[in-house]
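So the sequence lines, in the order shown, correspond to chains A and B.
For the first sequence, the working numbering assigns the number 74 to the initial residue and increments by one for each residue that follows.
For the second sequence, the working numbering assigns the number 74 to the initial residue and increments by one for each residue that follows.
These aren't lab readings, by the way, just hints derived from the structure by calculation.
Just so you know, nobody snuck in bad clues.
For identical chains, the list gives no copy identity; a pair is met inside one copy or between any two copies.
With a Cα cut of at most 16 angstroms, we get these calculated EDC-like pairs of lysine to aspartate or glutamate: (1) K122 / E138; (2) K139 / E109; (3) K84 / E208.
Listed below, chain by chain, are the residues.
Protein chains: 2
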Amino acid sequence: MPVLQSKWMEKAFCGARRAAERGEVPIGCVIIAGGEMLAAAGNRVLELKDPTAHAELLAIRAACEKTGNERLSDCDLYVTLEPCPMCAQAISFARIRRVYYAAPDPKGGGVDHGPRIYAQPTCHHRPDVYGGLGEEQSTQLLRDFFAERR
Amino acid sequence: MPVLQSKWMEKAFCGARRAAERGEVPIGCVIIAGGEMLAAAGNRVLELKDPTAHAELLAIRAACEKTGNERLSDCDLYVTLEPCPMCAQAISFARIRRVYYAAPDPKGGGVDHGPRIYAQPTCHHRPDVYGGLGEEQSTQLLRDFFAERR
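Given these sequences and hints, build the entire structure.
So, in structure tokens, the structure goes:
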């Protein structure tokens, strides 16, 4: 994995670890534009009592607020787990250029599993997707989190 | 269409018309629990500069805030257009019981078209879906809106 990708994915993992500390499913996300971090977020479903408060949706909303634009055309998104169908579609609506994810999610993912949102003929914008960039770290974080809860 | 369904769908259409007045794509949504309107919203993508500000997502977030719960298990959702994949998945995450939509959306829908979110084996909660309840009114509203913009 090239240095830059690794750096941003590490930032996404920071968000995931902070989410775990809050008792949330440990998933983190950052959005990058022009070599700068535009937004960072972790999962906050329980804290906000909002089923849509996934890391990616929060990061997209924060990035759009910051830029004053509902499109993030030159932005790249890094997330520690394969986006779910909701987030995958939101990424498409936001016109995000590239998606880097750490671990695949065969049970809940919507990019390379399940509905494969970007493979649908009705999908208008398909980001470039790079998966599996830090699979072990992501899986371990989720495994530890759910093991503690059993 | 039974009287109650018609009443709530009419409320959803009010939200759609108000969205059109704001220059937004005219889609409206209400969430009902125990015969009461828990939340109502229209599309606000442009106003909020937020690509996730679809009527359904805004209504879900408002209803969850009102109830203090990230699950809306006994709630029904009425919307003037077939939900997109993002909203369809959010409806599933929110555990909404029934979805009533006015017009089908072959180009952008995610319930009975495209990825058919609830037909995916990986989908954990499938609401009961009733489509086509007011198709003509919804289609006309959208047609007028886009005709004005041409």
